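Student: Residues 1 to 154, numbered by the UniProt record's numbering, are exactly what the sequence shown covers, in order.
Keep in mind the hints are simulated off the structure, nothing from the lab.
No experiment lies behind these values; they were computed from the predicted model shown.
Heads up, a few of these hints could be off.
As the list claims (entries may be wrong) - In silico DSS-like cross-links for lysine-lysine, where the CA-CA straight-line distance does not exceed 30 Å:
id, residue 1, residue 2
1, Lys36, Lys54
2, Lys36, Lys47
3, Lys119, Lys138
4, Lys138, Lys54
5, Lys2, Lys47
6, Lys2, Lys36
To be verified - Pair by pair, the computed Cβ-Cβ distance ranges are:
id, residue 1, residue 2, range
7, Leu49, Asn125, 49 to 55 Å
8, Glu40, Tyr120, 42 to 48 Å
9, Ser133, Pro12, 20 to 26 Å
10, Glu33, Leu73, 28 to 34 Å
11, Glu40, Tyr15, 17 to 23 Å
12, Arg93, Val142, 48 to 54 Å
Quick reminder that beta carbons are idealized off the backbone N, C-alpha and C, glycines included.
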Amino acid sequence: YKFLEIGVNVGPPSYVEIVLGDHQGRELPMSLETWKGLYEQRSNIYKLLRNEHKDNFVAVGPITVTIYAHTDLTLVRLESPTVHVTMIESTLRRMFDLDGCIDVTFERLSRLVGTVDVKYTRFANVANAISESDVFDKRQLVDCELLALVFNAR
Numbered sequence: 001y002k003f004l005e006i007g008v009n010v011g012p013p014s015y016v017e018i019v020l021g022d023h024q025g026r027e028l029p030m031s032l033e034t035w036k037g038l039y040e041q042r043s044n045i046y047k048l049l050r051n052e053h054k055d056n057f058v059a060v061g062p063i064t065v066t067i068y069a070h071t072d073l074t075l076v077r078l079e080s081p082t083v084h085v086t087m088i089e090s091t092l093r094r095m096f097d098l099d100g101c102i103d104v105t106f107e108r109l110s111r112l113v114g115t116v117d118v119k120y121t122r123f124a125n126v127a128n129a130i131s132e133s134d135v136f137d138k139r140q141l142v143d144c145e146l147l148a149l150v151f152n153a154r
């Protein structure tokens with residue numbers, strides 16, 4: 001299966017990110033600009049599927065879309081320099097159908113990025129204060145685990 005995830009990548013600086021992933025642990029992150037580029041190129045991608053495109057790929061920012069046959073299936077491969085995700089045509093079409101939802105979600109999350117950065121800084125300051133206090137002993141397993149679990153800081 002595939003998933004399309006939109007979330008805040010916590011920084012600082014924090015930013016909203018779209019990730020296309022699969023059950024094998026592959027995750028293809030992309031910016032909104034890259035997503036929009038893919039969406040705008042969907043007619044050329046569909047032409048690729050019908051063998052009507054002048055090239056055998058479509059490039060959008062850091063992502064290249066290629067089509068290939070595997071047994072009796074036509075597969076769509078989205079590839080970046082570090083990872084690739086492969087899907088069938090209906091999955092790609094369904095993903096493009098979600099464009100409006102992606103816009104709304106991206107916009108809502110973008111409004112939270114400033115707040116996330118402020119709160120992240122506050123939590124990091126608290127974690128630093130704890131780790132620098134006399135109560136914290138970095139040689140104690142419990143102290144290290146609690147700090148890592150509660151604040152995910154060290």
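Student: The structure should be examined with respect to each hint, and the outcome stated for every one.
Tutor: Hints versus structure:
1. Lys36 / Lys54: holds, 22 Å
2. Lys36 / Lys47: Answer holds: Lys36 to Lys47 is near 18 Å, not above 30 Å.
3. Lys119 / Lys138: Holds. Lys119 to Lys138 sits at ~25 Å (cutoff 30 Å).
4. Lys138 / Lys54: With Cα atoms ~61 Å apart, Lys138 and Lys54 exceed 30 Å; violated.
5. Lys2 / Lys47: Since the Cα atoms of Lys2 and Lys47 sit roughly 23 Å apart, the hinted pair holds (cutoff 30 Å).
6. Lys2 / Lys36: With a Cα-Cα distance of about 19 Å, the restraint between Lys2 and Lys36 holds, given a limit of 30 Å.
7. Leu49 / Asn125: 49 to 55 Å: holds, 52 Å
8. Glu40 / Tyr120: 42 to 48 Å: violated, 33 Å
9. Ser133 / Pro12: 20 to 26 Å: holds, 23 Å
10. Glu33 / Leu73: 28 to 34 Å: Check passed, 30 Å falls within 28 to 34 Å.
11. Glu40 / Tyr15: 17 to 23 Å: For Tyr15 against Glu40, whose Cβ atoms are near 21 Å apart, the range 17 to 23 Å holds.
12. Arg93 / Val142: 48 to 54 Å: holds, 52 Å
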